[in-house]
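Chemist: One-letter residues, chain by chain:
Number of protein chains: 2
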Amino acid sequence: MEELVGLREGSSGKPVTLQELWGPCPRIRRGIRAVTPVSCPGGLEWLKERLFRAREDWYFLVALGVLMALISYAMNFAIGRVVRAHKWLYREVGDGHLLRYLSWTVYPVALLSFSSGFSQSITPFSGGSGLPELKTMLSGVVLENYLDIKNFGAKVVGLSCTLATGSTIFLGKVGPFVHLSVMISAYLGRVRAKAVGDTESKAKEVEMLSAAAAVGVATVFAAPFSGVLFSIEVMSSHFSVWNYWRGFFAATCGAFMFRLLAVFNSEQETITSIYKTRFRVDVPFDLPEIFFFVALGFICGILSCVYLFCQRNFLRFIKTNRYTSKLLATSKPSYAALVALVLASVTYPPGVGRFMASRLSMAEHLHSLFDNNSWALMTRNASPPWPAEPDPQNLWFEWYHPQFTIFGTLAFFLIMKFWMLILATTIPMPAGYFMPIFIIGAAIGRLLGEALSVAFPEGIVAGGEVYPIMPGGYALAGAAAFSGAVTHTISTALLAFELTGQIVHALPVLMAVLAANVISQNLQPSFYDGTIMAKKLPYLPWIRGRQIGSYPVTVEHFMNSNLTTLAKDMPLEEVVKVVTSTDVSQYPLVETRESQTLVGIVERTHLVQALQTQPASWAPGQERFLQDILAGGCPTQPVTLQLSPETSLYQAHRLFELLTLQALFVTSRGRAVGSVSWVELKKAISTLINPPAPK
Amino acid sequence: MEELVGLREGSSGKPVTLQELWGPCPRIRRGIRAVTPVSCPGGLEWLKERLFRAREDWYFLVALGVLMALISYAMNFAIGRVVRAHKWLYREVGDGHLLRYLSWTVYPVALLSFSSGFSQSITPFSGGSGLPELKTMLSGVVLENYLDIKNFGAKVVGLSCTLATGSTIFLGKVGPFVHLSVMISAYLGRVRAKAVGDTESKAKEVEMLSAAAAVGVATVFAAPFSGVLFSIEVMSSHFSVWNYWRGFFAATCGAFMFRLLAVFNSEQETITSIYKTRFRVDVPFDLPEIFFFVALGFICGILSCVYLFCQRNFLRFIKTNRYTSKLLATSKPSYAALVALVLASVTYPPGVGRFMASRLSMAEHLHSLFDNNSWALMTRNASPPWPAEPDPQNLWFEWYHPQFTIFGTLAFFLIMKFWMLILATTIPMPAGYFMPIFIIGAAIGRLLGEALSVAFPEGIVAGGEVYPIMPGGYALAGAAAFSGAVTHTISTALLAFELTGQIVHALPVLMAVLAANVISQNLQPSFYDGTIMAKKLPYLPWIRGRQIGSYPVTVEHFMNSNLTTLAKDMPLEEVVKVVTSTDVSQYPLVETRESQTLVGIVERTHLVQALQTQPASWAPGQERFLQDILAGGCPTQPVTLQLSPETSLYQAHRLFELLTLQALFVTSRGRAVGSVSWVELKKAISTLINPPAPK
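In order, the protein sequence lines correspond to chains A and B. Residues 1 to 695 (the UniProt record's numbering) are what the first sequence spells out, left to right. Residues 1 to 695 (the UniProt record's numbering) are what the second sequence spells out, left to right.
Just so you know, the hints here were simulated from the structure itself, not pulled from any lab data. In this text the structure is predicted, and so the values were computed from the model without any measurement. There may be inaccurate statements among the hints.
As the list claims (entries may be wrong) - Stretches of chain B that chain A covers, calculated by requiring three or more beta carbons in the stretch to come under 8 Å of a beta carbon on chain A:
1. 259 to 270
2. 647 to 655
3. 664 to 670
Where is the CB? At the ideal position from N, CA and C, for every residue including glycine.
Same shape as in the complex, but just chain A (with noise of 0.2 Å):
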């Protein structure tokens, strides 16, 4: 192991240590190295040379999730400030129903084809969630400029107009900030590569990756189990433990600061869950009531997918329409003001707003959503008031209307918001989709519950005592369903719970979840993979259980054997026909044309670069060989991993997806016989997923 050992020693020559190399700011910390005094060296750096034994960056991580903590908190800051001028307005501009409907509309319009037109400006990566993307990344596609940072204000900027805007747009925030974290991350990194003179390697930046994710998350909702999980759950097939970890410590220092800052600016007492609730420890539910907790998991399943249809058939047809593509090429902004006044006026208060609640900020909706008193049992001999402001001790009044009841603007709330959610995301402006999707589930199970609590009004009978049926725990379930099953996602329900600070329903919720992402992930793809389709970035398709493995298939069957290789003794002229006619990004290089045994690899662009510096005049009669290129200065790579013709597909899936590989070459005996890259793959599977028709 003697090379292992001397591999340690700087390029200079000079013996370096370790921890000279990899830590940060060498200069600072040799100098510091140098004041500490000789007596004291032993106890002190043997604990820390123990509890930084990996060297790992956690003063990153924690510096990462503080950052997504003060900026998640500002925005929410300056959103709120921005809503509230809005309320004021909206209140001050007296009873003139003209002037009332256009403060009422204006302040969304402004905003949106505002949020639009500078978002879409500065880069068009700013649209949309951002999440799709980034799944793409994490399985090793390399888009290129995504995560510049030239993009963050571009985002910051329009995710704070398009929240500003409030219940009206009704558009959440945990995508566009998953990106943003992400985006700082990478910065980060990148910064700190510079510094030390670290070269990020690949497994790096996914493991950044996903921590990052795990604080976009987190410093949204607070919730730093969730955000880990969903997370994962979103953006990748495999993970490590390892990983995990590190999302879980850069997720609660994030939820941690965002929930401090929350305590320092007096808007919480202490540090305390977002939306909590009040339900009954001791009885819940009934156990009956599981019955009717799977049904509402079927019932979001069906949902979904209808929404999931719909939505990719709608964004289809405004791209392929011929006046809104014409509008969305030629005039974002003006797009997003037509929808934003198509929302703002049927969410009009003192029109159809009125039976849509449509006074609440999303944050309100939540909260009256999993109160925890059964609406339709108080309203049966008494009417609440529609009071001139949104009561903060009861905020479900808005919920109520004397001739509708609330199970008219609970059913008319979701009809409208379903359709409108739908136009909402064909703006292309950074927005997040799930906030409004896990709001329409809660609707939805707040409905089946205040049915159940007047169809069975004598309630739960335990212990010589009557509890009343909680619709709010329905309202949980169905948030946490419908949304899990439109993303595939189980941790949803764990999310519930975080940010309700109550886990009495665990069991009936996930269970819920589980019934509706049976349905979901069996009759439509996610809402991030249908995005990924629909925008047609690389995407390697999901081999489902095992099945597959059972197929004798081998690598043999797809791989693409029509390679195009370079061998060491060919004459230059042939190289640059072979690299002129092909498009490829790298060449298998092998030792003779003969034998085409594959020695490494050689970039094109090295190649090009290589070929072009070659003095022009060469006599003719001398012919050179591409050995003669390489020996002069063309750099060329190991192969590292090769697959053989007898690799099966299931062996060759795993391994593109454990590794995020992009292509391997295939030998046989030492002989480059073929390539196989995510193509090829993709490919098979669907041939095996979706035989052809046989005749």
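Since the structure of chain A is already known, use the hints to place chain B on it.
Modeler: Okay, now just chain B, sitting in the frame of chain A:
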């Protein structure tokens, strides 16, 4: 892609549909299909096809969950009866100290010696928790007979006896239960494989193993979330989201069934958490308390290191000491009886047990420690009585002693249980070590919480109201942090919430667990890793973080280049010589002795068989070669994956870890040049982590 379609034909040449091939009970199903009326095949079949598209074994997971829940509940029920009988005996035996002492001690002594003797006589595998062995199996090692169903009875009976000793011996259920669950799953898998003719693939086994582990934890604690996460953290270093979903599904079924049985048996009004708490929701803790929570985490981390260190060394001492090792080798039951006598004598309630709440069961310990009132404040002015029987409404009276006070008993409990637990873990019998760790952690937290409530009697002032400090919250954090530190997991935090049904302490508990893990992960191997090392089970060291990825160490530097290859043109005598002189399980097969081109792998057993069946009478002049044997029917395997000498250590490690490999051959330009197995990887990693001292 014509080949792919062609491959789907059965070996008989007749095309077989996939449904027929891979569904269970093909004959019955074909019968049913024949009966189905022709009119309605469309819709239903389509739905079935969509829902069961992956043809996954959901029914298998349901069966596993339900079965394990039944076993878990039945076990609890039986144990409950035995414990009640013991209590009755102890109560009815009168006031004579000798009789009382005998009735207190005879029970555990008899139970433990039976448990140890019975289980060890059937199989030596039934001892301990079983988690370390399962961890090894999940990483790809095959432990013969470890999952044999004949171990099942030994483990169930032994574990029941161990648990029936209650808090006297102070051992838990989780580890062995996970082992039981995995055994059942392996058995069900074999039964199914026999019924269907499906051959179990390795990937399938690993999938089942991880789902079963989750079920094991979930059916003990009725906690599906933490069941899945805990089993993942303890068992694997990588996992797929697909397995995680399957785990959730099975764990939910198990947990639901487990709680359902409790409701049916009228133990519970409805499905709720096992150790319900009633913490304040509004102001559960004040912001500055976060500091104490983190400090508690560090304390738990340090104590966990002390515990792990003592435990490992005491185990070694017991094994090497002349007297104990002799006793353990000759008569395990006597050793168990001896230890049980010591432990039972110490906990005798009228004796020393009075100062350590020994009349409470383990569940009652937890219930009382999570109490949200401050005992120290409540006993300042009034002394609670010491009732003849523990009062179910005021379990905490047991923790109070007029002279010792609360602090004395808690500290005494900790000190005594610390060495008692270490002593109990040396008994060779089925027992879990998680629950005692969890309770000790809760006591540590409670001690700090009580101290704080005395130190700050004015409590928390918020919104004009005064709230006292809740020591129960510290107990929760302590339990999660200490158990997390000992097992190197974070999901114990989630377990604490699922057990109590409240998640108001989310951030402080998580921070305590993280702090504890920072200490323990850096200073000591986890309880399970330590056992793996002590039992000398094979394991692959974990590359912590990624700094090793930065070293330019490649396979070339550490591979075993002393490779024995078999060439096709080798004379048989030489082959025999090679086979008799080496002892590896498989040989690389190369084309010719000169070229050394790797073409396949020959299993040693196959080769030996083929050599033995060779006709003895060959003419001496007519030399025979290996290729003749191969042509004669000795099977060879294709090489599906091969390393290059240029593959980095980091890549090779990832590959081994992700694909659960045991060994790979290294080829350079097609030539077999070496092999890499766990042994080489382990050596290379340990050289990097602890470089040899420079001279």
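Chemist: State for each hint whether it applies.
Modeler: Each hint, compared with the structure:
Against chain A, the segment 259 to 270 of chain B contributes 5 residues with a C-beta closer than 8 Å to a partner C-beta. That satisfies the three-residue criterion, and the hint holds. Proximity of the segment 647 to 655 of chain B to chain A, defined as three or more residues with a beta carbon under 8 Å from a beta carbon of that chain, is established by the 6 residues found. Closer than 8 Å: that is the beta-carbon criterion, and the segment 664 to 670 of chain B has 3 residues meeting it against chain A, so the requirement of 3 holds.
Going through the hint list in order, the structure satisfies each hint without exception.
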